[in-house]
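K.L.:
Based on the sequences and whatever the hints tell you, model everything.
Counting in our numbering, the sequence shown runs from 47 upward without gaps.
Simulated from the structure, these hints should not be mistaken for laboratory data. Where a beta carbon is used, it is the ideal one built from N, C-alpha and C, also for glycine. Heads up, none of these hints are tricks.
Using C-beta positions, here's what the derived DEER-type ranges look like:
| id | residue 1 | residue 2 | range |
| --- | --- | --- | --- |
| 1 | D50 | P94 | 30 to 40 Å |
| 2 | K84 | M113 | 11 to 21 Å |
| 3 | P121 | Y89 | 12 to 22 Å |
| 4 | K49 | K77 | 36 to 46 Å |
| 5 | V57 | E78 | 28 to 38 Å |
| 6 | L59 | K86 | 18 to 28 Å |
| 7 | E100 | H53 | 25 to 35 Å |
| 8 | K49 | P96 | 38 to 48 Å |
| 9 | E108 | E78 | 13 to 23 Å |
| 10 | G101 | D50 | 32 to 42 Å |
| 11 | K74 | K49 | 34 to 44 Å |
| 12 | K49 | E97 | 30 to 40 Å |
| 13 | F79 | L59 | 17 to 27 Å |
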Amino acid sequence: YLKDGYHHKRVGLNHLAFKLESKEEVEKFYKEFLMPRKIKALYGSSKPYPEYEEGYYAVYFEDQERMKIEVVSHP
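P.N.:
Structural data, given as C-alpha coordinates:
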(Lines of atoms letter the chains of each structure in order from A and count residues from 1; the text may use other names and numbers.)
(Lines give C-alpha, C1' and ligand atoms only; values in the text may rest on other atoms or scores of the structure.)
Protein backbone atom coordinates (compact mmCIF):
# COMPACT_ATOMS: atom_id res chain seq x y z
CA TYR A 1 0.00 0.00 0.00
CA LEU A 2 2.65 2.54 0.95
CA LYS A 3 4.70 1.71 -2.12
CA ASP A 4 1.82 2.51 -4.52
CA GLY A 5 0.57 5.61 -2.71
CA TYR A 6 -2.89 7.10 -2.67
CA HIS A 7 -5.13 7.24 -5.73
CA HIS A 8 -8.78 8.32 -5.58
CA LYS A 9 -9.90 5.53 -7.95
CA ARG A 10 -8.59 2.70 -5.78
CA VAL A 11 -10.62 0.89 -3.16
CA GLY A 12 -10.92 2.85 0.08
CA LEU A 13 -11.52 6.42 1.07
CA ASN A 14 -12.49 8.49 -2.00
CA HIS A 15 -12.70 11.97 -0.55
CA LEU A 16 -13.44 14.01 2.57
CA ALA A 17 -16.39 16.38 2.77
CA PHE A 18 -16.89 19.25 5.17
CA LYS A 19 -20.42 20.65 5.46
CA LEU A 20 -20.98 24.37 5.90
CA GLU A 21 -24.24 26.11 6.75
CA SER A 22 -24.81 28.01 3.50
CA LYS A 23 -23.85 28.54 -0.12
CA GLU A 24 -22.40 31.91 0.95
CA GLU A 25 -20.00 30.20 3.38
CA VAL A 26 -18.81 27.83 0.65
CA GLU A 27 -18.27 30.80 -1.66
CA LYS A 28 -16.40 32.66 1.10
CA PHE A 29 -14.14 29.63 1.68
CA TYR A 30 -13.38 29.50 -2.04
CA LYS A 31 -12.62 33.22 -2.34
CA GLU A 32 -10.85 33.77 0.98
CA PHE A 33 -8.97 30.49 1.42
CA LEU A 34 -8.42 28.69 -1.87
CA MET A 35 -7.94 31.61 -4.23
CA PRO A 36 -5.35 33.58 -2.17
CA ARG A 37 -3.30 30.40 -1.73
CA LYS A 38 -3.57 29.60 -5.44
CA ILE A 39 -5.16 26.23 -4.65
CA LYS A 40 -6.85 25.10 -7.85
CA ALA A 41 -10.51 24.20 -7.53
CA LEU A 42 -11.45 21.01 -9.32
CA TYR A 43 -14.26 21.32 -11.89
CA GLY A 44 -13.70 25.07 -12.31
CA SER A 45 -14.84 26.75 -9.10
CA SER A 46 -17.48 26.63 -6.39
CA LYS A 47 -20.86 26.02 -7.99
CA PRO A 48 -24.26 24.32 -7.66
CA TYR A 49 -24.63 20.60 -8.28
CA PRO A 50 -28.39 20.13 -8.81
CA GLU A 51 -27.76 16.63 -10.19
CA TYR A 52 -26.83 15.60 -6.61
CA GLU A 53 -29.65 17.35 -4.77
CA GLU A 54 -31.59 20.61 -5.08
CA GLY A 55 -29.62 23.30 -3.22
CA TYR A 56 -26.33 21.34 -3.29
CA TYR A 57 -23.43 23.81 -3.58
CA ALA A 58 -19.79 22.78 -3.33
CA VAL A 59 -16.17 23.34 -4.18
CA TYR A 60 -13.69 20.50 -4.63
CA PHE A 61 -9.89 20.60 -4.46
CA GLU A 62 -6.98 18.28 -3.73
CA ASP A 63 -4.57 18.33 -0.82
CA GLN A 64 -0.81 17.86 -1.24
CA GLU A 65 -1.21 14.09 -1.47
CA ARG A 66 -4.03 14.41 -4.03
CA MET A 67 -6.82 13.48 -1.60
CA LYS A 68 -10.02 15.09 -2.89
CA ILE A 69 -11.57 17.52 -0.39
CA GLU A 70 -15.13 18.84 -0.70
CA VAL A 71 -16.56 21.88 1.08
CA VAL A 72 -20.33 21.70 0.70
CA SER A 73 -23.66 23.14 1.71
CA HIS A 74 -26.88 21.25 1.08
CA PRO A 75 -30.32 20.99 2.62
